[in-house]
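Can you build the whole structure from these sequences, using the hints too?
Going by this note's numbering, the sequence shown opens with residue 45, and the numbers climb by one from there.
Any given hint might turn out to be false.
[To be verified] Simulated pairs of lysine-lysine, DSBU-like, Cα-Cα distance not exceeding 35 Å:
| # | residue 1 | residue 2 |
| --- | --- | --- |
| 1 | K80 | K154 |
| 2 | K154 | K263 |
| 3 | K256 | K391 |
| 4 | K80 | K263 |
[What the hints assert, rightly or not] For each label pair, taking beta carbons as the anchor points, the in silico distance ranges come out as:
| # | residue 1 | residue 2 | range |
| --- | --- | --- | --- |
| 5 | E105 | D299 | 56 to 66 Å |
| 6 | A325 | D303 | 16 to 26 Å |
| 7 | L60 | R333 | 48 to 58 Å |
Simulated from the structure, these hints should not be mistaken for lab results.
Note that CB positions come from ideal geometry on N, CA and C, so glycine has one too.
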Amino acid sequence: MNNLPIGNDEDADIALDIEAVQRIDAVPSILRMICKNTGMGFAAVARVTEQRWTACAVQDEVNFGLAAGGDLDLHTTLCFESRAARASIVIDNFHTDPVYHGHHTAQIYKLGSYISVPIILPDGSYFGNLCAIDPNPAEVSNPRTLRMFEVFADLIAIQLANEGRHQATEAALRHERENSSLREQFIAVLGHDLRNPLSAVSATAELLSLRKNEPDLVKIGQRLKSTTLRMARLIDDVMDFARGRLGSGIGVSIDDVDDLAMALRVVVAEVREANPDRLLADDLVISARVRCDRTRVQQLLSNLLGNAVTHGAAEFPVRVRARIEDDELLLSVLNGGNAIAPESLSKVFEPYWRPATSKPGGGLGLGLYICKQIVSAHGGTLEVRSSAQEGTCFVARLPTGV
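Below, the structure is given as structure tokens:
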């Protein structure tokens, strides 16, 4: 169990694959659930190429001794055979199995039971295997267990594909930002193509969230929902940014809206469901008709809430307030945590701006820029104030127009 001498290019690719797997929040829960449901002591997501077997994520309850990033000699593993056949391998008991009795893999690693299911990406390429092992026999060949592995392998494959698209979008944006005069056209096409896989992931997340008697599955579903919501916001922001830079601006469809408070509560509920560990307090009282673009105002609130959840401290609630005052709709979002530096307050609505303290993967820095454009398209204003004592508060003022 070591790092085998492979070329630098493959080392770099494998490192990126490990990072991609570890960015999927649901993977640790999946591996724990596998060990719990099968009784097996070691489960892993492995990257398997023609030359190499590398652990990307592991759950080790039997001191097997292999951590994420560790390699096994490919030809000592059964994943080598699984990859060649593009098929699952399931062994309840090596000692009595008619095919794998005496197999060198069991002898080398002192295994009693084994299961390995291919992880095949949506484009048909072979990523690796979702596998589990144990020194003792285990009943893993039953249809329920095999189906569980297949569902989890498919979920990981979908998430890897979407993570790849997400990373490709970020890389493309960084490159285009520096040296491409055709940046906006490229982003618009790419953003459109990114929408298609979200529906499959969203549907899967919804199904898992309904399994109330299986809390681990519900937790995975909630994390998938959070991921799809983040990607949907990213795509919307990218598309709006492209339209704005192409000269058409952010379009709004103004109409009389009598139930704006209800529409905003839907947004709060979506963000609350996608972030069950965060406290969102809403006080939405809109007592009059508002002339606005309902969908755009929902997007405005969604982006402001997403910013607050991402950059606010988890120990403080995010507070949302809406009122009609002096023929204006006032919409505010407040979060606690570190204050925005005074010299940065004038930059927060610029595209690509992100706080110096922001965490990796926190977005492209377009959300607040889009908010500013939406408010401007309504003839309103968007301001921010921030202090360590009061937190950070964004206040949008839109004329009711009635």
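- prompt: Is the gap between the beta carbons of E105 and D299 within 56 to 66 Å?
  reply: holds, 58 Å
field: Outcome for the supplied range 48 to 58 Å, where the beta carbon pair is L60 and R333
entry: holds, 52 Å
query: Quick one, are K80 and K154 close enough, alpha carbons at most 35 Å?
result: holds, 21 Å
message: Does K391 sit within 35 Å of K256, going by the straight-line distance between their CA atoms?
response: violated, 44 Å
- request: For the pair supplied as a hint, K154 and K263, confirm whether the alpha-carbon distance does not exceed 35 Å.
  value: Judged against 35 Å, a Cα distance of about 34 Å means the pair holds.
- prompt: Given the hinted pair K80 and K263, is their alpha-carbon gap at most 35 Å?
  reply: Distance ~15 Å between K80 and K263 Cα, so the pair holds.
- prompt: CB of A325 to CB of D303, is that within 16 to 26 Å?
  reply: holds, 21 Å
The structure shown violates just one earlier hint, number 3.
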